[in-house]
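Quick note, the sequences are listed as chains G and R, same order. Following UniProt numbering, the numbering of the first sequence begins with 1 at its first residue and continues without gaps. Following UniProt numbering, the numbering of the second sequence begins with 1 at its first residue and continues without gaps.
Hints listed in this document are in silico derivations from the structure and should not be mistaken for laboratory results. Some hints could be false.
Not close to chain R: a few residues of chain G, all C-beta gaps over 12 angstroms, as computed [what the hints assert, rightly or not]:
#  : residue
1  : 22
2  : 25
3  : 29
4  : 57
5  : 110
6  : 139
7  : 191
8  : 194
9  : 210
10 : 220
11 : 223
12 : 250
13 : 262
14 : 263
15 : 329
16 : 342
From chain R, some residues computed to sit far from chain G (all C-beta separations above 10 angstroms) [claimed, not checked]:
#  : residue
17 : 40
18 : 61
19 : 85
Going by beta-carbon spacing under 10 angstroms, a handful of chain R positions derived as facing chain G [claimed, not checked]:
#  : residue
20 : 53
21 : 56
22 : 93
23 : 101
24 : 102
25 : 106
26 : 112
27 : 116
28 : 117
29 : 119
30 : 120
31 : 123
32 : 146
33 : 149
34 : 161
35 : 174
Everything numeric in this text was worked out from a predicted model, so none of it was measured. Heads up, the beta-carbon is just placed ideally off N, CA and C, and yes, glycines get one too.
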Amino acid sequence: MTRLARPPAGVPERVRQPGETVVRVGPVSGRVRWRQVVVALAAAVAVLLLGAVSLGRGDFPIGLTDVLRTLVGLGEDTQEFIVLQLRAPRIVVGALVGLALGVAGALFQTFARNPLASPDVLGITQGASAGAVAAIVLGGTAGGGVLGGVGVPLAALLGALVTGLLLLLLAWRRGIDGYRMVLIGIALWAVGAALVDWLLTRAEIHDAATAYVWITGSLNARTWAEAVPLLVALAVLLPAALATSRALAVVQFGDDTARGLGVRLVPTQALVVLVAVALTAAAVAAAGPISYVALVVPQVAVRLTRGPRPPLLASGLLGAALVVGADLLTRTVLPQALPVGVLTAAVGAPFLLWLLVRGRRSTL
Amino acid sequence: MTSTVPRTGTVRLAAESVSLAYDDRVVVRELDLQLTDGSFTAIVGPNGCGKSTLLRALGRLLRPVGGQVLLDGRAISRTPTREVARVLGLLPQTPVAPEGLTVGDLVARGRHPHQSWLQQWSRDDEAAVSEALTWTDMADLADRPVDELSGGQRQRAWISMALAQGTDLLLLDEPTTYLDLSHQIDVLELVARLHTERGRTVVVVLHDLNLAARYAQRLVAMDDGRLVASGAPEEVLTEQLLADAFDLEARIVPDPVAGTPMVVPVRRLR
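Just chain R, same shape as in the assembly:
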């Protein structure tokens, strides 16, 4: 597992005038976005604004109908899947593990892009998996079936798999869905540690604006398939943006714990 020294400024992943569509329905229009090495970005926006769709395109799960996604300066659609999987890891919104699969086996699957038919369990694989399990505090649960875990533990197991994959970049689609608040914090702390301690470049789609503002260095706000604001949480989370993008009248106050902007809703507009 290589931990990257953050080289601030280098663009690792970029969307260049990307348009995305499901069949004929255009979801994202000509969107530009640059993600620098060692950054921690949260994509926020109202339901149906296209944030998950954008994340899918950034992870090569969806081919743009216009523009392109560049991974380390190279068109991701022309990079072999396996090569992408060694640099970029992703966690879908509600991943499903086959019944009976143990945590240890799940995390071991993260090594798939590094293995071949002959080389199915190298010393590197074993070391990466055991380290990922230990680091995410899942080693004691390694023999337990994933489907018997609680929601929070399950999400930890999947993050552990992503860690074992050993990629510099990590894309997570709403990793806190269906979790209670304390487990949401638990998962986001873990993701934040991946960023600070392991030097991962993290992009996460989040619903909760307050949590996004607290954990991410940079917020990217989307509305109706377009990027409407991007920058530090203080710059992005404004009363005007909430009114425009979320149809929400709200006050922004400093978070009494972290000092980051905090949204206090007043009422829905329109």
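If we strip away everything but chain G, and leave its shape as in the complex, we get:
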């Protein structure tokens, strides 16, 4: 047996990794991974650029300089109305929805140690759809009932929350096993899908068409009334999500190791799932289930940052860029104005396949 030389006391060998800076200010210390910072910043810049371009595009095109002048309050009245009342809410809702879905996906995937664990697969968005379709079909929006305006988002929110709570309760057995959660989620998804199909077969043709647009996920005709509640929800949920980040890094190792490292497993698991469910519910209530964002974006983010898990903030910002960009494309390049959810699905699903086929990682 070779005896290893011990390092001289008090002279620790540096363990810093390339592309990392250690920050220590007073009692605060941490490691900055520049790759994560660059990806997050690039995504944030992309959101702003895409948003600015998007503000000018539509049936009434406005130049970028006019858009910027309008934003600082120097534009004409017509331009101000179009930019601030018609287009800005739509883009802000799109960005916030993308942010919420990206973070929710990253939380679920890290927690369950399974890239399939996203609100789409776990049935939460499907539950929201069931709620919304029920409100549309049973509430009789054709008659212009109360359920038409406030009712649909609220029903979607309730549908998502109820499904999320069911998921939490059914998967709970002295804590949550990620694999079990995915299986139960898939079962809940099937129940939600069956419910939507049943409702659609009973619906009037006009209601069915309305419902169909909703369950595709669309940013059409969004107003500040949708943007503000979403902003409030994110102001609470985003810090909560970031607060779980440190524990999540250890929870990823499995239950026994995590507890051995001092993580209070049960409260951490409950908090992560609740925050992820609430983020999804808020996003879906505002814009419908824009599919594949929560599934694909964290996987893109983890590859860009080359870390062991999807980075929360970068996933959120990339999600925002994806939704705002997809919305811009559907409104400008494509011949016919499609719901944004069609594009995210059409781009997201093949992209996921490409990642799976090409990826170094065997299990994604």
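Chain G is already provided as a structure; the job is to place chain R on it using the hints.
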């Protein structure tokens, strides 16, 4: 990283009439065990005797249905998880690292119980991690993903993490599983050095009786959820015990290298 001067005799971890069960199935019955400071104990026994279950309870991963586990005289179930994690480290049987996680990051996670939201990478953390990497001879592999390592290197990386955690007590559940003999020796040498050079109190669950007898100071033999023998390897490893607990007819001869008892199997009884 504090290395403890062995204060022989002080009981650090104790099971008091502990009964353990999974749902309704009782696995361990009213078991008493005391682990003194600076000791190196191996828990042995046939498959399904409850040795891993006992280790889980000692590490606060499983709550006893009867009796209690005491860590430094205090009920471990009433001690906050984080406080336990600063005194007691544990390595599960087949720990899994997330794909793409580097050895350096894995070992750095060992500092989790010492960190807070503001204090995420103190000088102590950095020093402990670099020392643990160097001491386990993993410094050159710090940038490599754990999932690309061989089985033996991987186990070294996990032991390195446990070392960085800086706990006085260390519980290991079959750390040699799936390793070839030379890597089994390698891992057990490392664990033995943690005990002799770093003053760690070590409890390890082992399948291989000969290796257990060679490395541990004390053997604890279990059968069917009960403690059947405890003491120095020479006292515990007897032909009678092997017949009773393992249903094995065997001869015990002195290990030609270490002089510790060595089991030579003859045949299975019954």
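How the hints compare with the structure:
Residue 22/G, annotated as away from the interface, has a beta carbon of chain R within 12 angstroms; the closest lies near 6 angstroms. A beta-carbon of chain R comes within 12 angstroms of the beta-carbon of residue 25/G; the shortest separation is about 10 angstroms. The claim that residue 29/G is not at the interface with chain R is violated, since a C-beta of that chain comes within 12 angstroms of its own (minimum 5 angstroms). At roughly 39 angstroms from the closest C-beta of chain R, the C-beta of residue 57/G stays outside 12 angstroms, upholding its exclusion from the interface.
With a minimum CB-CB distance of about 8 angstroms to chain R, residue 110/G fails to clear the 12 angstroms threshold, and the non-interface call is violated. Separation of residue 139/G from chain R is adequate, the least Cβ-Cβ distance of about 45 angstroms exceeding the 12 angstroms criterion. Under the 12 angstroms C-beta cut-off, the non-interface status given to residue 191/G relative to chain R holds; the minimum distance is some 28 angstroms. With a closest Cβ-Cβ approach of about 33 angstroms to chain R, residue 194/G is found to remain outside the 12 angstroms limit, as its non-interface label requires.
Against chain R, the non-interface label of residue 210/G holds: every CB pair exceeds 12 angstroms, the least being about 43 angstroms. With a minimum CB-CB distance of about 40 angstroms to chain R, residue 220/G clears the 12 angstroms threshold, and the non-interface call stands. Residue 223/G, annotated as away from the interface, keeps every beta carbon of chain R farther than 12 angstroms; the closest lies near 37 angstroms. Its beta-carbon lying about 5 angstroms from the closest one in chain R, residue 250/G breaks the requirement of being farther than 12 angstroms from that chain.
A beta-carbon of chain R comes within 12 angstroms of the beta-carbon of residue 262/G; the shortest separation is about 3 angstroms. With a least beta-carbon separation of about 7 angstroms from chain R, residue 263/G fails to lie farther than 12 angstroms from that chain, contradicting its non-interface assignment. With a cut of 12 angstroms on Cβ distances, residue 329/G stays outside the contact zone with chain R, its closest approach being about 32 angstroms. The beta carbon of residue 342/G sits about 32 angstroms from the closest Cβ of chain R, which is more than 12 angstroms, so the claim that it is off the interface holds.
Distance to chain G confirms residue 40/R as a non-interface residue, since its nearest Cβ pair spans about 17 angstroms, more than 10 angstroms. Not every CB of chain G lies more than 10 angstroms from the CB of residue 61/R, the least distance being 6 angstroms, so the non-interface label is violated. Chain G draws residue 85/R into its interface by the beta-carbon criterion, the shortest separation being 3 angstroms against a cut-off of 10 angstroms. For residue 53/R, the suggested interface contact is broken, since its CB lies about 12 angstroms from the closest CB of chain G, more than 10 angstroms.
This hint holds: residue 56/R has a C-beta 8 angstroms from the nearest C-beta of chain G, less than the 10 angstroms allowed. A distance limit of 10 angstroms between C-beta atoms decides the matter here; for residue 93/R the minimum to chain G is near 9 angstroms, and the interface restraint holds. Of the supplied interface hints, the one on residue 101/R holds, with its beta-carbon coming within about 4 angstroms of a beta-carbon of chain G, less than 10 angstroms. With a cut of 10 angstroms, the hint placing residue 102/R at the interface with chain G holds, because the nearest CB-to-CB distance is about 7 angstroms.
Given the 10 angstroms rule on beta carbons, the hint for residue 106/R holds: about 8 angstroms separates it from the nearest Cβ of chain G. Checking residue 112/R against chain G by beta carbon gives a least distance of about 4 angstroms; that is within 10 angstroms, so the hint holds. With a cut of 10 angstroms, the hint placing residue 116/R at the interface with chain G holds, because the nearest CB-to-CB distance is about 9 angstroms. Annotation: residue 117/R was flagged as interfacial toward chain G, and the flag holds, the nearest CB pair being 7 angstroms apart, inside 10 angstroms.
At its closest, the beta carbon of residue 119/R sits 5 angstroms from a beta carbon of chain G; the interface hint therefore holds under the 10 angstroms criterion. Hint status for residue 120/R: holds, given a least beta-carbon distance of 4 angstroms to chain G, under 10 angstroms. Nearest Cβ of chain G to the Cβ of residue 123/R: about 7 angstroms, under the 10 angstroms cut. The hint holds. At a threshold of 10 angstroms, the smallest CB-CB gap from residue 146/R to chain G is about 9 angstroms, leaving the interface hint in force.
Interface hint at residue 149/R: violated, since its Cβ lies 14 angstroms from the closest Cβ of chain G, which is beyond the 10 angstroms cut-off. Because the beta carbon of residue 161/R sits about 9 angstroms from the nearest beta carbon in chain G, less than 10 angstroms, this interface hint is met. Against a cut-off of 10 angstroms between C-beta atoms, the interface hint on residue 174/R is violated, since the closest Cβ of chain G lies about 13 angstroms away.
Violation of the numbered hints given earlier is confined to hints 1, 2, 3, 5, 12, 13, 14, 18, 19, 20, 33, 35; the remaining hints are satisfied by the structure.
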